[in-house]
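Asker: Spelled out from the first residue to the last, the chains are:
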Amino acid sequence: MMKDKILEELGEAVRNFDEEGARRLAREAVEGGVDPVEALEEGLAKALREVGDRFGRGEAFITELIAAAQAMEAGAEVLNREIARRGASRKAVGRLLIGTVEGDIHSIGKNIVVTMLRAAGFEVIDLGVDVPTRVFVEKVRELKPDILGLSALMTTTMAKQREVIDALREAGLRADVKVILGGAPVTEEWVEEVGADACGLDAGSAVKVALRLMGEGRADA
Amino acid sequence: MPRVRFLPRDDVKAIHEASLEVLENTGVMVKNPGAVKLLEDAGCGVEDQVVHMPPSLVEECLKRAPSSITLHKRDGDDRLQVGGDSVIYNPGSAAIYFIDRETGEMRRALSRDLVQLVRLADALEYVHAQSTAMVPADVPDAISDLYRLYVILKNSTKPMVTGAFTKEGLIDMKRMLEAVVGGPEALAGAPRAIFDCCPSSPLMWSDVTCENLIDCARFGIPAEIIPAPQMGATSPVSVAGTLVQSNAEFLSGVVISQLVAPGAPVIYGGSPAGFDMRYCTARLGAIEAMIAACAAAEVGKHYGVPTHAYLGLSDSKAVDAQSGFESGLGIILAALARVNIVSGPGMLACENCQSLEKLVIDNEICGMAYRLLEGVSLDGAAMAADVIAKVGPGGHFLAEKHTRENLRKEQFIPSDVVCRMTPDAWRKSGSKDVLDRARERVDRLLEEHVPTPLPGDREKRLEQVFKDILARHGLPPPTVP
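Taken in sequence, the protein lines are chains A and B. For reference, each letter of the first sequence is one residue, going 6 to 226 in our numbering. For reference, each letter of the second sequence is one residue, going 25 to 505 in our numbering.
Don't take each hint at face value.
Stated by the list, open to error - Below 20 Å or equal to it, Euclidean Cα-Cα: the simulated EDC-like pairs (lysine to aspartate or glutamate) are:
1) A:K8 - A:E33
2) B:K414 - A:E197
3) B:K414 - A:D23
4) B:K55 - B:E192
5) B:K456 - A:E193
6) B:K97 - B:E483
7) B:K425 - A:E17
8) B:K55 - B:D231
9) A:K144 - A:D202
10) B:K452 - A:E197
11) B:K425 - A:E25
Said to hold, decoys possible - Just so you have them, the derived chain B footprint on chain A, three or more residues with Cβ under 8 Å:
12) 30 to 43
13) 135 to 143
Worth flagging that the hints you see were computed from the coordinates, not collected in a lab. Every residue gets a Cβ at the ideal spot worked out from N, C-alpha and C, and that includes glycine.
Isolated chain A (complex conformation) (with noise of 0.2 Å):
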């Protein structure tokens, strides 16, 4: 009975945007012995989805999308140590290597799509802003990422997308990784064009978008 009230209570905390609730109800969670993967996955997940849904169907706004993932997070982070206290992990949906290419130092966008993938479960490793090209291949070959994620805010470092997977691909890495596109400027011809999977790499589509491709990897696989 008290699982569930709090189950229902953190998917409460995140439909209102309330990091502290979310938090405090995570603690109290873990005070209470509730399996801590099951508060994650039927309390703050399933509530984050259901915003998610709302937003794709336009009848949220993306502010509150993101605030819904920060309350997320909030609670997570309190769940997450008590699963690692226990020796016990969340399995992740996948592995997604996140940068934004060299010459471009815009970090919000992609910030926000680090904050959405997390919450649906991703394992997220963000590079950073203004990454090399090498780093990103070097980093391919050591992480193995399932999905590479480049964003370009700019018009001008667009090209630079190009360079990373172009670099991928001389190196050998290009058929063992998936690679979305992301920025204000990327279009559907311009993923086509140099040869990536997928656009979509904002805080709408993403969610959206890598687990799409990681539907593909499993198939192929």
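Since the structure of chain A is already known, use the hints to place chain B on it.
Answerer: Frame of chain A, contents of chain B only:
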């Protein structure tokens, strides 16, 4: 708050003085014997139906006109204040054509089109009043004015702007209104409808409109006195000359109405049109017509009476870029001039055609106009210094409570008639233009919106009154949707 003004105070006074001279020296032709008698008794000189009004009488009558009118919704549960700085949009009235929803072609308007328009206007967020927007071709002429009222009363709770086509039409319409509000007493203190009474430019009152004006005054029905000159044809080609003449026409109506009943509610109306000397057409989308409409309302405001204008309509024959920019200009200017009743949304081909698609597009512009009037809020929360400090360089405001809490106050959020998608998303969803999107919204609203039915036995009473009227005209009850 933002505002547009064309006339400094001295100019308004100059126009007023010039109008008084017109009324005294040139006079107004009044084709209604009762009104002529009334005017003569009040000290006007009369010669072959031309009435010369002394300035003192005009000034005195003007003082008696009330500054504001409370317009009630059908079921009496809510009201609109007409006057001061309030702005109320309603569809343009009495079109005889309609843009067919299937073919997109202009054809004669039918009763089923009127039912759809009324239901749509009932659903629209920024259209706060109805109008008897079309004259349906499939309804007998003898009852076509009151048939439109019948459709509105059955399908909408919003108050309305209407008008009668005959003398007895107004009386019948009054009976219908009484039936749905619970009797003459209930209606007398709480009007649901404004009646248009239009003098014929230049400087004439027809027998019928004059009688309508007299009856409005007798029964306390708000009368909207709407001069409709065509500049260069039925009024001077200059905006100022048109203002002098149409103001004289309005003032002559005020004199008649206030002589009948001191304190009778009147509205300073305006439908000044340009006249295109190449095509011999009246043009309400003309920029000088919009200037004249706004400036006329300024004269009305100087008099301290509620104002009206035809703005937000277009001379285009189709829902296109021209209909958008002409209507957009008119709707925005009307708001900036604080015209109290703005008739025009939905209208095309000057005042001749209605389009449901245009009405939903114009509705968005009306929403924008209301936002425009809010201007820039400078209160502490809006200045947001603390939020700027909290977010700091390189951060973002998307997750801030301040953003969520002030979003709807600061941003006008349009329906999806207005496209704001990315180019990719737009292409994927079918590359729909504004007309496609407007069609979809019309379909959706007509399907989803359920008008509030008349309460209790009032529908039965309305049907009875309507049946009596039809019987008197020897008409079988028409099939009414």
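Asker: Could you run down the list of hints and mark each one as holding or not?
Answerer: Hint-by-hint comparison with the structure:
no., hint, in the structure
1, A:K8 - A:E33, "holds, 10 Å"
2, B:K414 - A:E197, "violated, 40 Å"
3, B:K414 - A:D23, "holds, 18 Å"
4, B:K55 - B:E192, "holds, 17 Å"
5, B:K456 - A:E193, "holds, 18 Å"
6, B:K97 - B:E483, "holds, 16 Å"
7, B:K425 - A:E17, "holds, 17 Å"
8, B:K55 - B:D231, "holds, 5 Å"
9, A:K144 - A:D202, "holds, 19 Å"
10, B:K452 - A:E197, "holds, 16 Å"
11, B:K425 - A:E25, "holds, 13 Å"
12, 30 to 43, "violated (count 0)"
13, 135 to 143, "violated (count 0)"
The structure shown violates the earlier hints numbered 2, 12, 13.
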